[in-house]
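J.: Listed below, chain by chain, are the residues.
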Amino acid sequence: MTRYSIFSLARNAMGYHRSWPRAWRSPQPRPSYDIVIVGGGGHGLATAYYLAKEHGLSDIAVIEKGWLGGGNTGRNTTIIRSNYLWDESAHLYEKSLKLYEGLSQELNFNIMLSQRGVLNLAHNEHDLKELSRRVRAIRLNGIDSEILDPQGVKAEVPIANISPSLRYPILGASLQRRGGIARHDAVAWGFARAADARGVDIVQNCEVTGIDIADGRVQGLETTRGRIAARKVGLVAAGHSSVLAAMAGLRLPIESHTLQAMVSEPIKPVLNSVVMSNTVHVYVSQSDKGELVIGAGMDGYNSYSQRGSFQIVEGQMGALIELFPIFSRLSLLRQWGGIVDVCPDASPIVGKTPVDGLFINCGWGTGGFKATPGSGWVFAHTIARDRPHALNAPFALERFASGVLIDEHGAAAVAH
Amino acid sequence: MLLIPCPWCGARDESEFTCGGEAHIRRPADPDALDDAHWADYLFMRANPKGSHRERWCHSHGCGRWFNVERDTVTHGIVSVYRMGEPPPGGDGS
Ligand SMILES: Cc1cc2nc3c(=O)[nH]c(=O)nc-3n(C[C@H](O)[C@H](O)[C@H](O)COP(=O)(O)OP(=O)(O)OC[C@H]3O[C@@H](n4cnc5c(N)ncnc54)[C@H](O)[C@@H]3O)c2cc1C
Ligand SMILES: [Zn+2]
Chain A
60 MTRYSIFSLA RNAMGYHRSW PRAWRSPQPR PSYDIVIVGG GGHGLATAYY
110 LAKEHGLSDI AVIEKGWLGG GNTGRNTTII RSNYLWDESA HLYEKSLKLY
160 EGLSQELNFN IMLSQRGVLN LAHNEHDLKE LSRRVRAIRL NGIDSEILDP
210 QGVKAEVPIA NISPSLRYPI LGASLQRRGG IARHDAVAWG FARAADARGV
260 DIVQNCEVTG IDIADGRVQG LETTRGRIAA RKVGLVAAGH SSVLAAMAGL
310 RLPIESHTLQ AMVSEPIKPV LNSVVMSNTV HVYVSQSDKG ELVIGAGMDG
360 YNSYSQRGSF QIVEGQMGAL IELFPIFSRL SLLRQWGGIV DVCPDASPIV
410 GKTPVDGLFI NCGWGTGGFK ATPGSGWVFA HTIARDRPHA LNAPFALERF
460 ASGVLIDEHG AAAVAH
Chain B
812 MLLIPCPWCG ARDESEFTCG GEAHIRRPAD PDALDDAHWA DYLFMRANPK
862 GSHRERWCHS HGCGRWFNVE RDTVTHGIVS VYRMGEPPPG GDGS
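Chains A and B are the protein sequences, given in the same order. This note's numbering numbers the first residue of the first sequence as 60 and each following residue consecutively. This note's numbering numbers the first residue of the second sequence as 812 and each following residue consecutively.
Hints may contain errors.
[Unchecked claim] Here chain B is said to cover these stretches of chain A; the calculated rule only asks that three of the stretch's residues, wherever they fall, bring their Cβ under 8 Å from a Cβ of chain B:
| id | region |
| --- | --- |
| 1 | 353–365 |
| 2 | 368–376 |
[Claimed, not checked] The calculated DSSO-like cross-link candidates involving lysine-lysine, where the alpha carbons are at most 27 Å apart (straight line), are:
| id | chain 1 | residue 1 | chain 2 | residue 2 |
| --- | --- | --- | --- | --- |
| 3 | A | Lys157 | A | Lys411 |
| 4 | A | Lys411 | B | Lys861 |
| 5 | A | Lys124 | B | Lys861 |
Hint data in this document are derived by calculation from the structure and do not stem from the laboratory. Just so you know, even glycine gets a beta-carbon here, dropped at the ideal spot from N, CA and C.
The whole structure should be built from the sequences, with the hints applied where relevant.
T.: Dropping the structure here:
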């Protein structure tokens with residue numbers, strides 16, 4: 060792997076940038092691997108990278124049916140934060156945020172992490188109470204979080220109207236200053252390049268169509284590019300998790316829904332942080348290109364179409380204008396949908412399955428981009444050691460039978 | 812945007828309806844006999860198919876009644892609509 064640096068940039072500038080090497084190989088799949096990861100999104104690529112880096116393994120392939128990061132990794136609104144209510148989630152998402160903070164250096168790839176702060180607005184008495192409960196719980200877990208009064212919100216977000224006479228007045232907000240955004244494609248590409256450099260085969264345009272199981276143990280995969288034998292398989296397919304689980308005869312507590320997002324035309328810097336409002340039901344940030352990145356809730360019915368309903372767009376726009384009338388004359392540039400894998404308790408499933416050698420990482424739903432490095436890190440540990448790390452042990456599939464759910468609906472409703 | 816034919820009101824815009832998820836999930840006949848795994852299956856596990864899906868919808872901003880819809884989760888095409896308690900047109904609603 061050629062290291063990216065100011066010197067390699069200068070050297071390549073001399074050659075008119077015609078001789079940059081490819082960032083990763085494009086190998087033919089081999090007939091057999093020690094470990095195969097299904098799904099070349101951020102989580103799958105991170106898993107492969109940490110398997111190689113933390114556990115010294117290299118006989119690994121990542122199998123992706125489309126192109127790298129073409130799923131939710133390349134479709135999300137890139138909000139990163141770790142302000143979750145329950146201890147289990149707080150620890151897992153905080154691990155991920157810590158990994159994010161060193162990721163550009165570690166991968167030698169600029170993921171453009173911008174810790175510009177994430178605000179959650181309160182619009183009524185109940186919001187305020189709920190917010191103060193959350194902020195305290197989060198701080199008890201050693202995670203930065205603070206409460207702003209309306210003047211504090213105004214200082215962070217000058218375009219916010221803090222007049223008390225609005226229909227949804229801004230009475231305060233929580234703020235995680237270490238939260239922010241990152242470049243989603245770069246996260247996938249950075250992990251891909253670093254995993255490839257450690258010998259991982261990344262195979263695109265290869266769809267898994269079947270899972271071979273004999274005597275309760277996984278044997279390999281049927282794919283559109285032939286059979287691939289594997290000692291261990293990790294399923295990291297987000298919206299398609301139920302489809303893959305069904306190939307192994309497993310049922311999951313997951314429903315797939317379309318989640319939409321959209322961007323406006325680019326404008327000059329006007330919004331410096333990420334602003335979310337559960338009550339008005341919208342969130343928005345401004346990208347480095349100047350586009351407003353806008354999101355909200357998901358469509359209300361099961362879907363694999365990556366195409367949402369129009370009234371969701373309409374509702375989202377209404378909420379945005381309610382919050383920031385200043386945006387009312389902007390045009391939208393693009394709108395799109397991704398298929399998110401939603402769990403009943405709005406928490407992920409990361410761990411073993413009843414099939415030996417078959418592992419699953421899914422259910423991140425509307426909020427897994429922020430967890431990409433942490434998810435890969437704990438999943439690699441689980442696969443390599445055949446048992447979960449303490450951080451992901453509570454997120455086992457068995458919690459739906461034991462009843463020990465981790466209800467994060469409050470942290471993962473409109474907020475992703 | 813879906814155009815959903817309510818069995819009582821006729822075709823109406825999707826925004827008048829609420830989706831209630833997978834249909835034909837039977838309440839266990841003898842709850843006391845169920846172990847944790849079976850409870851988990853009844854309460855939480857879902858088919859979530861890519862393709863034909865039978866689901867419950869409620870015409871919440873219309874007549875307020877529940878009914879069943881068979882819909883393709885990829886094309887969003889509605890295959891059939893039938894009332895609560897009726898067997899699905901394609902058979903096998905157990
Ligand atoms: C509109 C939108 C906004 C979002 N906003 C945020 C946000 O602001 N912050 C946040 O933290 N999260 C957000 N999320 C959620 C986040 O995007 C996901 O939780 C996360 O990216 C999931 O990553 P992944 O790698 O597991 O999935 P993906 O990137 O979807 O990767 C799964 C891969 O598996 C592949 N695959 C599926 N089936 C097969 C098969 N049979 N064979 C081979 N490959 C297969 C797919 O092609 C896909 O590339 C958002 C999601 C959406 C859709
Ligand atoms: Zn009706």
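J.: Hint by hint, which ones does the structure fall short of?
T.: Violated: none.
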